[in-house]
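Asks: As numbered in my numbering, residues 39 to 470 make up the sequence shown, in order.
For the record, the hints were derived by calculation from the structure and aren't laboratory data.
A few of these clues could be false.
The calculated label-pair distances, taken between Cβ atoms and stated as ranges, are [stated by the list, open to error]: (1) A52 x G398: 21 to 27 angstroms; (2) D366 x R60: 37 to 43 angstroms; (3) I99 x S138: 47 to 53 angstroms; (4) G274 x A52: 43 to 49 angstroms; (5) H279 x A102: 15 to 21 angstroms.
For clarity, every value in this text was computed on a predicted model and none was experimentally measured.
We put the CB at the ideal spot given by N, CA and C, even for glycine.
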Amino acid sequence: MKSTRVAHSVPAPANPDAMLRRRLDAIASSGAAELANLAVGVVRDREVVFTHAWGSRAPGIAGAEPYRTDSLIRVASLSKPFVALAVLGLCERGLIDLDSDVSDPLGFTLRHPAHPDDAITPRMLLSHTSSLRDGELYSLPADRELREFFDPRSDHWEGGAHYASAGRPGEYHCYCNLGYGVLGTVIECVTGHRFDRYMHDAVLAPMGLGGGFGTDVLSAGAIGRLVPPYRKVKDGRYDAHGSWVAQTDMFAGGSARPDPVGDYRVGTNATFLSPQGGLRASIEDLLRFVSFMVDPDLRARTAIVGETSIAEMMRAQWSWDPQLRNGDTYNGVTRLSGLGLFRMTATADGEGSDRLLPDGGPRLWGHHGDAYGFLGGVLFDPKRGYGFCYTIGGTAADPELTRGRFSSYSWWEEAVQEAVLTVYPPPSSGTR
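The whole structure should be built from the sequences, with the hints applied where relevant.
Replies: Structure below.
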């Protein structure tokens with residue numbers, strides 16, 4: 039059945055496109071808090087209604103090409119929902135069980151040393167309740183093995199820093215990038231394919247994305263559209279009067295290809311491909327993801343996962359309990375976890391605030407990302423056919439020291455989210 043649009047009582051203002059562009063451009067060019075580049079996209083009633091890009095591919099260089107809506111950038115933890123889709127697709131094929139022991143496919147025993155009888159499962163890894171921790175490092179080169187993080191004889195044991203100091207697996211929530219490196223390796227073990235290639239074939243290409251995990255598999259055209267994230271620094275520290283300095287993907291935009299992966303043995307260590315944050319994607323790519331998450335007709339055509347898996351992604355796997363103090367809320371912005379997703383709860387308290395608007399705002403599902411100067415978000419409400427996404431390619435000030443007025447997000451993230459939700463608010467009724 040085709041979708042039927044339901045009239046909504048919260049209309050966008052007259053000429054919303056121009057209004058939002060003005061607001062976003064003002065945010066991006068705000069003096070000492072300027073951005074390297076910014077891109078935003080909005081889906082309303084399951085249709086893309088707005089796309090915009092501002093800034094430069096090489097900020098601070100006269101005559102540099104403008105940042106575009108098809109420019110690729112490393113989107114940090116916005117990668118995680120894509121990994122969740124891959125895992126759930128493999129669950130549907132019977133190759134992964136959400137509640138089984140990941141030791142079985144990995145080929146070595148992965149247990150918290152204090153809880154050797156408690157299995158660590160894909161569900162726990164996807165929802166950050168596994169009892170694993172990042173430590174100083176959560177990624178190793180291709181010639182090392184994942185198991186080294188968990189072996190007391192290894193140089194990467196870090197005194198057991200990759201395990202929680204207290205709490206059984208499944209009991210306590212703490213955001214963990216390493217868990218997604220484990221999941222990426224599990225994907226390799228059960229499919230026999232390298233993580234980045236499997237992600238391309240099973241998730242990214244069917245969804246229509248032009249980017250990919252890692253850089254070895256990107257086409258020459260994609261390499262040409264790749265832009266590094268930046269920080270404005272002086273003497274190695276954030277400084278609004280400093281210079282824009284690329285933080286990673288320094289070959290971006292050129293003809294030179296990155297170093298090949300070499301003789302990597304599939305299934306031993308997918309962390310070097312950065313399952314937790316290595317997706318290179320454009321705002322157009324992220325809009326395709328948002329559309330996928332809010333449009334069941336589109337999901338049916340792509341056949342990446344079924345509706346039961348989508349529902350499981352957006353079912354509460356963990357929620358913050360202030361009485362039990364059963365997790366780390368990351369300054370108040372992670373209070374309810376699904377599988378590879380979080381839900382904003384419009385809460386402000388002593389932990390911090392995940393509000394999207396001063397009065398709380400909608401309780402959207404999604405994910406935020408923050409790495410190498412990049413900031414971004416994908417946020418959506420599938421019942422109302424609504425969502426938006428944004429990428430910030432670098433800031434002139436330290437995001438950790440530049441927080442919002444009414445939330446724990448950075449000032450820029452808060453301002454972008456507020457601008458989008460004010461100019462293009464969610465429909466007050468759903469799309470059926």
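Asks: If a hint holds in the structure, say so; if it doesn't, say that too.
Replies: So, going through the hints one by one against the coordinates:
One distance hint, 21 to 27 angstroms for the beta-carbon pair A52 and G398, holds here, with the actual separation near 26 angstroms. About 38 angstroms separates the C-beta atoms of D366 and R60, a value consistent with the hinted range of 37 to 43 angstroms. Between I99 and S138 the beta carbons are some 51 angstroms apart, a value that agrees with the proposed interval 47 to 53 angstroms. The hinted window of 43 to 49 angstroms between G274 and A52 holds, with their beta carbons roughly 48 angstroms apart.
Judged by the Cβ atoms, the range 15 to 21 angstroms given for H279 and A102 holds: they are separated by roughly 20 angstroms.
When held up to the earlier numbered hints, the structure conflicts with none and fits them all.
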